[in-house]
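Here the structure of chain A is known, so what remains is to put chain B in place on it, guided by the hints.
Residue numbers (numbering that gives the first Met the number 0), protein chains in the order written: chain A, 0 to 422; chain B, 0 to 422.
Hints listed in this document are in silico derivations from the structure and should not be mistaken for laboratory results.
With the Cβ distance kept under 10 angstroms, some of the chain B side facing chain A (calculated, not the full set): (1) Thr16; (2) Thr26; (3) Ala34; (4) Pro47; (5) Tyr68; (6) Val78; (7) Ile103; (8) Thr325; (9) Gln346; (10) Val355.
Over the 12 angstroms line for every Cβ pair with chain A, so calculated as not near, a few chain B residues: (11) Gln174; (12) Arg198; (13) Ala223; (14) Arg399.
Idealized CB from N, CA, C, for every residue including glycine.
Residue strings, one per chain:
Number of protein chains: 2
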Amino acid sequence: MERLPGFRDFYPEPLPTPDAWSADARTYIFDTWKAVARRYGFREYDGPPLETLELYIAKSGAEIVGQLYNFKDKGNREVALRPEMTPTLARMVAAHDRSYKKPIKWFAIPQLFRYERQQKGRLREHFQLNCDIFGETDPAADAELIALLIDSLRALKLTAEDFVIRLSSRDAWQQFFARRCSDEARAYEFYQIIDKLEREDQRESETRLAALGFSLAEVKEFIAAGVPTADLQRVLDNLAARGLGGFVKIDYNVIRGLAYYTGTVFEAFDKKGEFRAIAGGGRYNNLIKVISGGKVDLPALGFGMGDVVLLELLKSRGLLPKFRATVEAYVLIEDEALRGPSLQLVQRLREAGRTVEYSFTAMKPDKQFKRALELDAQWTARLEASGGGADLQVRLRNLRTREERLTTPGEAAGQLSGGTVEK
Amino acid sequence: MERLPGFRDFYPEPLPTPDAWSADARTYIFDTWKAVARRYGFREYDGPPLETLELYIAKSGAEIVGQLYNFKDKGNREVALRPEMTPTLARMVAAHDRSYKKPIKWFAIPQLFRYERQQKGRLREHFQLNCDIFGETDPAADAELIALLIDSLRALKLTAEDFVIRLSSRDAWQQFFARRCSDEARAYEFYQIIDKLEREDQRESETRLAALGFSLAEVKEFIAAGVPTADLQRVLDNLAARGLGGFVKIDYNVIRGLAYYTGTVFEAFDKKGEFRAIAGGGRYNNLIKVISGGKVDLPALGFGMGDVVLLELLKSRGLLPKFRATVEAYVLIEDEALRGPSLQLVQRLREAGRTVEYSFTAMKPDKQFKRALELDAQWTARLEASGGGADLQVRLRNLRTREERLTTPGEAAGQLSGGTVEK
Numbered sequence: 000m001e002r003l004p005g006f007r008d009f010y011p012e013p014l015p016t017p018d019a020w021s022a023d024a025r026t027y028i029f030d031t032w033k034a035v036a037r038r039y040g041f042r043e044y045d046g047p048p049l050e051t052l053e054l055y056i057a058k059s060g061a062e063i064v065g066q067l068y069n070f071k072d073k074g075n076r077e078v079a080l081r082p083e084m085t086p087t088l089a090r091m092v093a094a095h096d097r098s099y100k101k102p103i104k105w106f107a108i109p110q111l112f113r114y115e116r117q118q119k120g121r122l123r124e125h126f127q128l129n130c131d132i133f134g135e136t137d138p139a140a141d142a143e144l145i146a147l148l149i150d151s152l153r154a155l156k157l158t159a160e161d162f163v164i165r166l167s168s169r170d171a172w173q174q175f176f177a178r179r180c181s182d183e184a185r186a187y188e189f190y191q192i193i194d195k196l197e198r199e200d201q202r203e204s205e206t207r208l209a210a211l212g213f214s215l216a217e218v219k220e221f222i223a224a225g226v227p228t229a230d231l232q233r234v235l236d237n238l239a240a241r242g243l244g245g246f247v248k249i250d251y252n253v254i255r256g257l258a259y260y261t262g263t264v265f266e267a268f269d270k271k272g273e274f275r276a277i278a279g280g281g282r283y284n285n286l287i288k289v290i291s292g293g294k295v296d297l298p299a300l301g302f303g304m305g306d307v308v309l310l311e312l313l314k315s316r317g318l319l320p321k322f323r324a325t326v327e328a329y330v331l332i333e334d335e336a337l338r339g340p341s342l343q344l345v346q347r348l349r350e351a352g353r354t355v356e357y358s359f360t361a362m363k364p365d366k367q368f369k370r371a372l373e374l375d376a377q378w379t380a381r382l383e384a385s386g387g388g389a390d391l392q393v394r395l396r397n398l399r400t401r402e403e404r405l406t407t408p409g410e411a412a413g414q415l416s417g418g419t420v421e422k
Numbered sequence: 000m001e002r003l004p005g006f007r008d009f010y011p012e013p014l015p016t017p018d019a020w021s022a023d024a025r026t027y028i029f030d031t032w033k034a035v036a037r038r039y040g041f042r043e044y045d046g047p048p049l050e051t052l053e054l055y056i057a058k059s060g061a062e063i064v065g066q067l068y069n070f071k072d073k074g075n076r077e078v079a080l081r082p083e084m085t086p087t088l089a090r091m092v093a094a095h096d097r098s099y100k101k102p103i104k105w106f107a108i109p110q111l112f113r114y115e116r117q118q119k120g121r122l123r124e125h126f127q128l129n130c131d132i133f134g135e136t137d138p139a140a141d142a143e144l145i146a147l148l149i150d151s152l153r154a155l156k157l158t159a160e161d162f163v164i165r166l167s168s169r170d171a172w173q174q175f176f177a178r179r180c181s182d183e184a185r186a187y188e189f190y191q192i193i194d195k196l197e198r199e200d201q202r203e204s205e206t207r208l209a210a211l212g213f214s215l216a217e218v219k220e221f222i223a224a225g226v227p228t229a230d231l232q233r234v235l236d237n238l239a240a241r242g243l244g245g246f247v248k249i250d251y252n253v254i255r256g257l258a259y260y261t262g263t264v265f266e267a268f269d270k271k272g273e274f275r276a277i278a279g280g281g282r283y284n285n286l287i288k289v290i291s292g293g294k295v296d297l298p299a300l301g302f303g304m305g306d307v308v309l310l311e312l313l314k315s316r317g318l319l320p321k322f323r324a325t326v327e328a329y330v331l332i333e334d335e336a337l338r339g340p341s342l343q344l345v346q347r348l349r350e351a352g353r354t355v356e357y358s359f360t361a362m363k364p365d366k367q368f369k370r371a372l373e374l375d376a377q378w379t380a381r382l383e384a385s386g387g388g389a390d391l392q393v394r395l396r397n398l399r400t401r402e403e404r405l406t407t408p409g410e411a412a413g414q415l416s417g418g419t420v421e422k
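One chain only, chain A, in its complex shape (with noise of 0.2 angstroms):
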């Protein structure tokens, strides 16, 4: 039986084969996030992997159908799996605004799904973190947004010289584009094109703009001026005072693909440009106000960053820490007579919060000793009879120092600590 193509499997380390996915890693990269994503006060919310596509085409219109994982359920309802998690966000927001004071700060982690029949052997899904504010027009808010974002990279030990913040403006090119055209509707057609100019061919991107009254040369021009927005110098100050400056440039080639951004946009991208975005975001001032019909009127802005390219780059930077089982002790059972105490000292210990692994069934003392090596534990514990008496004393042996403790089965957790050689 095989799995489907496009998913993954996550395997605890050591990995069976080099390029299977590690559990480990994917924890260590959500740990990260949740804990970044904690220390600004953003809390977590969560929702369904599985919406009515309606969210999703009321968002997007209905060409996104396309690369959505839908389908009819049981009951004839067309479904889909969650592209991305804005629509879900959006109308958990909107069902509940007035219960949360404003600004609204949340995060999630949610597994995303996307159905391309074309591009074989790319994956149909990946986990984002998603952190949004809502409530808050002021360019701050951006700036707290963006400042995340950089220390979410930040926490992972990656540095100003492996990734910048490529900052835009769709307000910049909304007022760009009134410049030659009046033709609002016509607006976000503009943006598609300028959103691929740096992958499309030249003379593709110069016909179509050209349909609507635009000079490829001066559309370079006004990305080269790279003048900043009023807001855009705002969160430029604001981010400088944080002392975050070194991380952000003001990028114009970025517009974002999506209908519904509004002001301030960015992407993160590797410095040596050999990956996709890292992460991209921005306002969506009016979207709530779709999902919800009208009903509620919320000013908004997030981003979204995905694991897998994430994990390439980590990667080719060296910086992912080596993943193992944490076993702080092994007990050795070397007389089978003693298997209840043991077992009742394994009890002790993993009730003191330790992690602790033993042999289930009798086995020899150096074979024992072999796994608790292999297992890479930091200390083994053993039974022993006392002087002449019938109490048992524990023997801890530090396997990294080789330092030993003799203590009672009560007072042996409390000893597991001290000597661990870093390694």
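Chain B only, in chain A's frame:
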């Protein structure tokens, strides 16, 4: 826009409505599950939420399809949202069993799905802790797994007053079955009758048992006697040695509905009998062979514990902690001229790992203070000009003890400790 029936949104606390699902409670349960599983040396894995329909039919027969959230994908594949984790796990282990030392001890917390047309208001998804052991036939492994189940519940502050593990054995029932009926092919039919015994009309059970050559009276006598098999006795002794004997009892009413169990089976119940089973599991020594098409043969056992019944139980016993954002410092910006250095202070505190909040925009001092109280911040931090110079100092105020400290921006993070009053 509404969410799909049977799916849940998870909101941060305080909850918008009393019946909303809490993201914080979910995180509390998941984090506790993970911590205990790791203490037992279990390693995390995960697989796709979507698998081929074939995987589930191979395991459970075609009758399972009626309960599945299955559909045809855009590539015309018959697929299903996973109704349980065991087939995925068996597939993963069978694919790479040689890469891992035995016994393999793994856990996951998948979201699982089902689609039953008739049951209105019933959830179509839930989360489940799955813990499994591969490669060990000895009942010591069964005891280890049951000890982990017990300690997972104890870590959530449930006691022997709250729950009990009912232990049973497919072997015992198989031997009982063989007394009267030599047609092994009908054994599963017999197990199904036993499984429904506590819920179904007595005469109905009587009739169905008679068709297989049994009287209800002899079945009831067998259950009442509850004589442990040799394996079950070893499980009981092992758990008693750990001091966990008070959490288990033999109860042959338990047999587990699924076809693939082979030896020891068990279920956890609340002692008052108010809820459905909290958890259930057992041995499934033949499943890997089935899933791998005969290629891999590994003894296996595992349990699953869902989040829904558990949460109901914790709520009813008043065992859920009070959840709140833990804001360690609220930075007061009373003078807008100090916003820049205040942002720098926010950044410094967060870089030191502190959770920090502040107002994005100018706000009256009393409103900022009120917000700090609402957020239940432990400290406020305010920059102020020192003596006569340009240097800025930080005034820290502990909102619980009212203690004040004057320090430098560089040392403020280290000062945010002590004096915390337990609430």
